[in-house]
Structure formats: C-alpha cells, structure tokens
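**Q** From first to last, the protein sequence lines are chains A and B.
In this text, residue positions in the first sequence follow the numbering used here: the first is 1, and each later residue adds one.
In this text, residue positions in the second sequence follow the numbering used here: the first is 1, and each later residue adds one.
Hints are computed from structural coordinates only; laboratory data are not their basis.
Beta carbons are placed, not taken as given, at the ideal position from N, Cα and C, and that holds for glycine.
Mixed in with the good hints there might be a few duds.
[What the hints assert, rightly or not] Here are the simulated DSS-like cross-link-like pairs (lysine-lysine), alpha carbons at most 30 Å apart as the crow flies:
| no. | chain 1 | residue 1 | chain 2 | residue 2 |
| --- | --- | --- | --- | --- |
| 1 | A | 69 | A | 3 |
| 2 | A | 103 | B | 57 |
| 3 | B | 71 | B | 57 |
| 4 | B | 17 | B | 69 |
| 5 | A | 3 | B | 17 |
| 6 | A | 103 | A | 52 |
| 7 | A | 103 | A | 69 |
| 8 | B | 17 | B | 71 |
| 9 | A | 3 | A | 103 |
| 10 | B | 69 | A | 52 |
| 11 | A | 98 | B | 65 |
| 12 | A | 52 | A | 98 |
| 13 | A | 103 | B | 17 |
| 14 | B | 57 | B | 69 |
| 15 | B | 69 | A | 103 |
| 16 | A | 98 | B | 71 |
| 17 | B | 57 | B | 17 |
| 18 | A | 69 | A | 52 |
| 19 | A | 69 | B | 18 |
| 20 | B | 18 | B | 71 |
| 21 | B | 17 | B | 65 |
| 22 | A | 98 | A | 69 |
| 23 | B | 57 | B | 18 |
| 24 | A | 52 | A | 3 |
[Claimed, not checked] Chain A stretches covered by chain B per the calculated footprint, using a threshold of three residues with CB under 8 Å from any CB of chain B:
| no. | region |
| --- | --- |
| 25 | 10–23 |
| 26 | 26–33 |
| 27 | 45–56 |
| 28 | 83–93 |
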Amino acid sequence: DAKTTQPPSMDCAEGRAANLPCNHSTISGNEYVYWYRQIHSQGPQYIIHGLKNNETNEMASLIITEDRKSSTLILPHATLRDTAVYYCIGFRGGSNYKLTFGKGTLLTVNP
Amino acid sequence: EAQVTQNPRYLITVTGKKLTVTCSQNMNHEYMSWYRQDPGLGLRQIYYSMNVEVTDKGDVPEGYKVSRKEKRNFPLILESPSPNQTSLYFCASSYLGSNSPLHFGNGTRLTVT
C-alpha cells in the first residue's frame, strides 16, 4: 500500500472549512485513498474514500488530483467536535486487508 | 444500528490470568481484525480473519489467540497476559474488497499488572 505523508498538525477556526492535505505519490492504480479520524482514544471512524473521482458525503468531501499523487479532505464547516487525528491511507486489499495507519494530522478546531 | 461491539470497555487483570475480549458485528461482514494501539507505535494489526474458520497472523500476534466459529464473532484471547500487553485494543470488520471501509469498535483498554 502507498506511503502517505501528512502534516503533523493543523488549526482551524470553528465554522470555517478545514482542508487537510495528503501526499501519496507512490499510490498504485487500484489503490483507494481512505480517510479515517480518531477522536481521543475512541475507535477510528471512517470518513470517506475514493479512487479517482472527487467524492462527497454527509461528513466531508474528498478531492483527488488528476495524477492521484495527492488528495485533500475538506470538512466544510468545522466544529469543535471535529478536533481529532485524521489519517489518510492508501488501501487495495491484498492478502491481509491491513490498514496501515501513519501518524496522521492532529486537527484542532478553535472557538 | 450497524456496529462493532467490543466488551469489556475497560479491563484490569494480573499477569498470567487468562482473559477474553469479545467482538461482535451485526453487518454480516466477512472480514474481521484486531488491532492494538500504543503511544508512539500507532495502530498495529494482531490477527485477522477473512471468513468463518479462516484466521491468520498480523504484525504482532505473539501472546494472542483468536477464533472465528461464527461470522459475527471474533474474540481475542490472551492465554497468559503479560504487562507488555497493556494497550488499547480495537476490533474492526468490513466486507471483502478494497472498496469497503473498515468499521471499528469503541475499544478495550487493557491493563495487565
């Protein structure tokens, strides 16, 4: 699975959009980009995933560049409850279906 | 409600006393997995199962056992717990396929003294 690179931390004002970047320059053609978040010691929560096209759901939007080497997770109106560690993960299944979590980005939403 | 349920939420035990952490999912998922999370080491896979009666080792299987007798349940067994197994444990499940997100339980915080 692709190695991903994320900034260690970001800040965002409450009510503003949070844009979290992720670089995955070694991603393969059949590898999905997944985003999860973990709010202090709770179980990781699935947010969104995509392969080539931009995706949107009730939680967030995912913008994937045309060359698929990077992506951005957008939380359109961040709230204090969105403060969490956000993980960007490349995943294609494989023999053990293992998600490899890196260090992620600590997003702090400030009042 | 679709969910992965782990029990107990917190567990304190002593070295050598066998314990089981239960995990159950109600989504008819084929795939289930156990992870442990430790400060500075992130989430690491312990064991996984692709279907009933099919289990295999992850990255850190030493000291753990699992079983998958039914599709919905995937218990984690520590036959002789040791202090280095003090950790936060997560169970997860999904359908097979890279287009299927993994759903995690709320975790079990285990302390072995």
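**Q** Of all the hints numbered above, which does this structure not satisfy? Sort the numbers upward.
**A** Those not satisfied are hints 5, 10, 13, 15, 19 and 25.
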